[in-house]
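Protein chains: 2
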Amino acid sequence: MSPAPRQALLSHIGEFQLIQSIARGFSSRGPRPLVGIGDDAAILSRSSGSHLVISTDLLVEDIHFSRTTASFYDIGYKAAVANLSDIAAMGATPTYILMAIALPSHLKYHDWKELYRGLSVPCKAHGVQLVGGDTSASRSSLFLAITILGQVEPNRGLTRGGAREGELIYVSGSLGNSAAGLACLTHQATQVNTSTLRQPMKFLVSRHLRPTPRIALGRLLSSRGFASSALDLSDGLSGDLRHLCQQSHVGALIREASLPLSPHLVAYAAEMNVDPLLWALHGGEEYELLFTVPPKYQRRLELAVKQLGIPVTAIGVMTPRRSGLRIAHPDGKTQKLLPQSYVHFSD
Amino acid sequence: MSPAPRQALLSHIGEFQLIQSIARGFSSRGPRPLVGIGDDAAILSRSSGSHLVISTDLLVEDIHFSRTTASFYDIGYKAAVANLSDIAAMGATPTYILMAIALPSHLKYHDWKELYRGLSVPCKAHGVQLVGGDTSASRSSLFLAITILGQVEPNRGLTRGGAREGELIYVSGSLGNSAAGLACLTHQATQVNTSTLRQPMKFLVSRHLRPTPRIALGRLLSSRGFASSALDLSDGLSGDLRHLCQQSHVGALIREASLPLSPHLVAYAAEMNVDPLLWALHGGEEYELLFTVPPKYQRRLELAVKQLGIPVTAIGVMTPRRSGLRIAHPDGKTQKLLPQSYVHFSD
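Sequences listed follow chains A and B, in order.
Its first residue numbered -2, the first sequence is counted upward by one per residue in the working numbering.
Its first residue numbered -2, the second sequence is counted upward by one per residue in the working numbering.
These aren't lab readings, by the way, just hints derived from the structure by calculation.
For each residue, glycine too, the CB sits at the ideal point set by N, CA and C.
Warning: the hint list may mix true and false statements.
Facing chain B, a subset of chain A residues (Cβ under 10 Å, in silico) [what the hints assert, rightly or not]:
hint, residue
1, 137
2, 142
3, 300
Just a sample of chain B residues kept apart from chain A, beta carbon distances all over 10 Å, derived [unchecked claim]:
hint, residue
4, 129
5, 136
6, 182
7, 317
8, 332
Whole structure, please, built from the sequences with the hints as guidance.
Printed below as a string of structure tokens:
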């Protein structure tokens, strides 16, 4: 990636490049992090015991969430999951969370409470305590800044940089549900056959508003040493797989026919006349894990996830770097998979 | 404090009450923090070694800073100091920092770099590494969410709750400079005798834009066990002393004649026809430490700070809770000291 020109507008520079440029410009005499900027979370060593995992996230109204499709409870809930998911992607156990919020002054106390109530539910489910916060006014929209902490055994943290050629690519759950769920919410007024679609739409909306942080899976992958790399699907498979390839210096080939699609997604897509693959490949906010597994661990992994009741699917294989990121269609033809994930500053 | 009515507007509820209400509503089966919400930072225990100190802060344009009186470099610099100061107030050593920013898309890459360059300078000076970040778009103004980490020896962390009746109240540095510096910046167009005031104004503006995080003092107070409580002056002496009294369940009496005022503040106030005490008592963003010391440690403390070259001043004494917060005027009369610190949501 070439350095950004000094006077370039931020809208012409991707977030990834911005973050890389921070990492280059900032150094210090202090202890180096084991994993720094550019992964789902940083890993900081301690003199003894488990390592500290930390991630921070700023969620902006009408960029990351909208009050037209989500209640305050929903916004809090999903903010917690997005952050728990970053810890899951490192193979770590979440421990503490902090939330700073900037609130438009016309909001009601009840709205604020609902935001925290939503945040608390997934946190409580994973034994995560709220240990810090800061509330200030905003003259414009609602902002949430969340920091989450976790811990992982030394040398067990999963990063985006560990994938090797020949390894299998896995995803948890099924793909595209969150993006389709958002479509359900935004197109509710559209004429659809709602009696047939009631169940599919209910499922998809629930995946959009109540995603599952894959903590148990992340812990399994790291503690048993099954995965060589992992990240969570927040930008969409095509975009997140690209991050994995870039940081691991490899290519990837995924098989279209292997992508796990829920019957609900297929039913809704058919009614809406949309190719469900578009949602599965490019839809964001899945909070499923994308990870790579050396072939020798395949059987042990699949047995272990079966015992835990976590659905995972092998969707492809890591290839040489020069092959880039490709998708094999059912007819055997392959083509370049271009990321269409959400890019900040692009609008 | 009585519970807030369900439908109350947030503008009628102070930040302190909001944060208290979070702490009540949020609990979990996980490990309890040693110090949770309501102090400058949380303290989290570890199984061995030093304890983890963490604080998070959301800085909002035109609430916490303004681009009319501060450059991007200034904003980054001060954001770092505000957070380093929270770690200093706990008696801890800062280690790592994370910054998530939401940027209006019209900002230039250069502005963004300047923000980070400002942030890096006080961090580098204290050996603090940037280990995480997130950059997203904002449709409105500039937001910075900062999380800072530090470490402190077990049972050495300084809180707001440890002050006892009869202890001495100290502040570092001199008071009111930051608020007066802001006045210099906002009233630059005003007719003042600038040749006489050039030096005072330069000093005051520098205290406003380049405050000093009192890390070395905080470390001295905690490692030698001199202080029973501490916090940093971010809301202004009257407001912050009130927080200390509330959390320690004591009252306080400060002596007007003992308040440390810089000659520059006095000179500028005289020219502007302002009582410098108003700035000293109520001006925010000082980032000096306010701390309490048992009388038996007074001599040892004063010797130690002299050796380190850190100016500290005894300004009063902790009193019984029922006495409240009072100020003694030079004529011997005392009166209630009402906080006039900046209250979010009040405008």
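Hints versus structure:
Residue-level restraint check for residue 137 of chain A holds (minimum Cβ-Cβ distance to chain B is 3 Å; threshold 10 Å). Among the interface hints, the one on residue 142 of chain A holds; its C-beta lies about 3 Å from the nearest C-beta in chain B, closer than the 10 Å criterion. With 10 Å as the threshold, the beta carbon of residue 300 of chain A stays out of range of chain B, its nearest partner Cβ sitting at about 30 Å, so the hint is violated. Its beta-carbon lying about 5 Å from the closest one in chain A, residue 129 of chain B breaks the requirement of being farther than 10 Å from that chain.
The Cβ of residue 136 of chain B does not lie farther than 10 Å from every Cβ of chain A; its closest approach is about 6 Å, which violates its non-interface assignment. Annotated as non-interface, residue 182 of chain B keeps its C-beta farther than 10 Å from every C-beta of chain A; the closest such distance is 20 Å. Residue-level check passed: residue 317 of chain B sits 31 Å from the nearest beta carbon of chain A, beyond 10 Å. No beta-carbon of chain A comes within 10 Å of the beta-carbon of residue 332 of chain B; the shortest separation is about 31 Å.
Hint compliance for this structure: hints 3, 4, 5 are not met, and every other hint is.
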